[in-house]
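Top to bottom, those sequences are chains S and R.
Numbering-wise, the first sequence is residues 1 to 68 according to full-length UniProt numbering.
Numbering-wise, the second sequence is residues 1 to 662 according to full-length UniProt numbering.
Hints may contain errors.
Said to hold, decoys possible - If you only want the chain S side, here are some residues facing chain R, beta carbon under 8 Å, derived:
#1 Ala47
#2 Leu48
#3 Val51
The hints are simulated quantities; they were obtained by calculation from the structure and are not laboratory data.
Even glycine gets a Cβ: it sits at the ideal position worked out from N, Cα and C.
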Amino acid sequence: MGLREWALGGILLSPFLIYVTLALLLTFAVRLLLRLTPLGRWVWHEALFDVALFVCILTLVTRTLGPL
Amino acid sequence: MPTTLQALLAPNKLAVQFAIKTLLGGGLALWLALRWGLEQPAWALMTAFIVAQPLSGMVLQKGLARLFGTLVGTVMSVVFMGLFAQTPWLFLLALALWLALCTACSTLLRSAWAYSFVLAGYTVAIITLPAINHPLLVFDQAVARCTEISLGIICATVCSALLWPLRVEQQLGGQARQAWESGMRAASATLTGDEQGRQGLLEILGRIVAVDAQREHAWFEGNLGRQRGRAIRGLSQKLLILLRIARSVRRQWRQLDDTQARHMAPWLEQVQAALAAPEPAALLELRQRIWDAAHDERNSSDEHYCLARMTLLLDNAMAATLALKAVEEGKAPSDVPDSLAVHRDLSLALLFGSRSALAFLAMASFWLATAWTAAPGGLVLTCVVCSLFASRENGAQIGMSFLRGILLAIPVAFFVGQILLPQWAGFPLLCLGMGVPLFFGALGMANPKIGATATSYCLHFIVLVAPLNSMNFDVGVFLNSAQAIVLGVGAAVLAFKLLVLRNPYWHGKRLRAATQSDLVRLTRRELRGAETWFGGRMADRLLQLARHYNALPEPERQRWDDGLHGLDMGDELLHLRMCLAVAQVPVERAQQAYLRELESALAEGPGAGREQRLDDASARFINALEQQPLSDPLRLAVGAVLQLQKSWGKWCRRQEEIHGLA
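One chain only, chain S, in its complex shape:
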């Protein structure tokens, strides 16, 4: 695993921050897709679903981008 800090103008940023931002954007996109298709009808507790979705996507992002 190559979790390395990101240097931004001399400040070291946690790589996780980037992953979180990326996962957030992806979650928004997936949510939009779900809302446009009939799939969104099956969601029971929207907030809970969103959080779960975010955690899943964050895991995927970290697993894919981590080793790079």
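Following the hints, position chain R against chain S.
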């Protein structure tokens, strides 16, 4: 956003005065804190902004509540640190429990003083979390925070009392007159019919509760304020009685058949006209005429009850007018009734409390798992948001506007704190750098629509700039604390969003159960003060039901009617007991038997097939009453027994309809 632009660029005079007051109070607090070398002067400045309120009585009340809460929280933080300094998990668990307890108490208290409990809760987090690695310093920290917060409160109070003082008690007069006017309107609308009555009832109940809430603030504004506060209590009670009697006239009216109704119609019209333009002399004259008409031998008993209740209505309209006069003149009557009781909900409070504790524990686990040094800052904010907005209906919404304020504060604070201030030195330039953004923030705070966002913007701007005697500028620390703040508030908003406690069915059921238990108690309770006790609690409940009213689908809206039926039952019961108390007839045993029967029926609750539950008892009691020598209160008591029986039957039939629909 036009509202925001208007609030910031074209503020009204009051908003500018408020902003100047707040800024001067904050500046004074900051200067003194820097001059005396306090550890974190930002706290003094922040407190001055937190307690800033448009009216001076409110500032004093909020400041005192904050001071009490802070003192208790300070003591508790030293205790917690002393007990659990070596065991972080136990310490966090104890802190979560304390937070839950304080949130629950503040939800239960339902008055402006609830703020003390909120403060007692999160002060412990503010003091202990940053000191967790240096437990020995906790006492110094506690003293420092307490001093800074007290300094902020004193400066804000002095400024708001000296500069353009706006007093609560002066506004109370106007608000009381509005409440009185809408009370008269609502009473008159109730006489006409149900649909108009419902909207009017909601409006007036809201007004009564709002005016009554101001009493606590007026108490701090000298003798006149205190007198007005006491007079308001009288007015609230009189208005509630007025509404109660108007509804009872309407109920009695529905018993009349067509010929009787035609016969009575002119009287009803005159009463409505008199309520629409209430003149004491006209009211008195009309009351006398109706009273004479009521004693006409040719009247049927239903007509007699109806007219007698109309005279009662007019009597109370006059009493309400007198009470309004007492408020406007600032002279409290000698016999002030008890203050309005509020509906307290223990299980809801416990739920809110555990939600705060859960959010805190989740954030604390994150902190301990990551060992992130900036996390305590976020943790403190989780506590603050969770306990401050726990009891609000729209906690998640307020939390979101809080978050918006933070996102606005971060770039501004970065510009001021990291780019401007390193090049500037001295207090005047510090004031300039912080004052301009804070002035606009204070302008926003004066506007209720964007108040939450603006307050959060001001507070986080101060936290992020963190003015000190010897400033240290570090972009890394700034970014870390900005992230922690966003994360902390985000966790709180998430808790609000995930644990939604807004199920209208559940709320409706709980309010119904509470109403029922009140009715049961009303059969035994001492009559003195029963009026404000029952009236205040029912007003509170009906307002809560109404809040859920719009969220419900059409057929489910009967829950609100359910509340109204409860109110009607209570009204008739009160009326009956008062009539019996006035009549003073020796029917103790029959009365006891009837009330016990009523009590058991109420305890069981209305339901399908229980309509006839009260018929036998009512017949026996009426029989006993009619054995006694005839008098006016006695006749009214008989009418009330009949009405109770009818209201009960109606309530039961309503249950059938609801069940039929479900």
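Does the CB of Val51(S) sit less than 8 Å away from some CB of chain R? Where the cut-off is 8 Å and the nearest Cβ of chain R is about 7 Å from Val51(S), the hint holds.
Does Leu48(S) meet its interface restraint, that is, does its C-beta lie within less than 8 Å of any C-beta in chain R? At 6 Å from the nearest chain R Cβ, Leu48(S) passes the 8 Å test, so the hint holds.
Interface hint outcome for Ala47(S) [beta carbon to chain R under 8 Å]: Interface hint status for Ala47(S): holds (4 Å vs cutoff 8 Å).
When the structure is compared with the earlier hints, no violation turns up for any of them.
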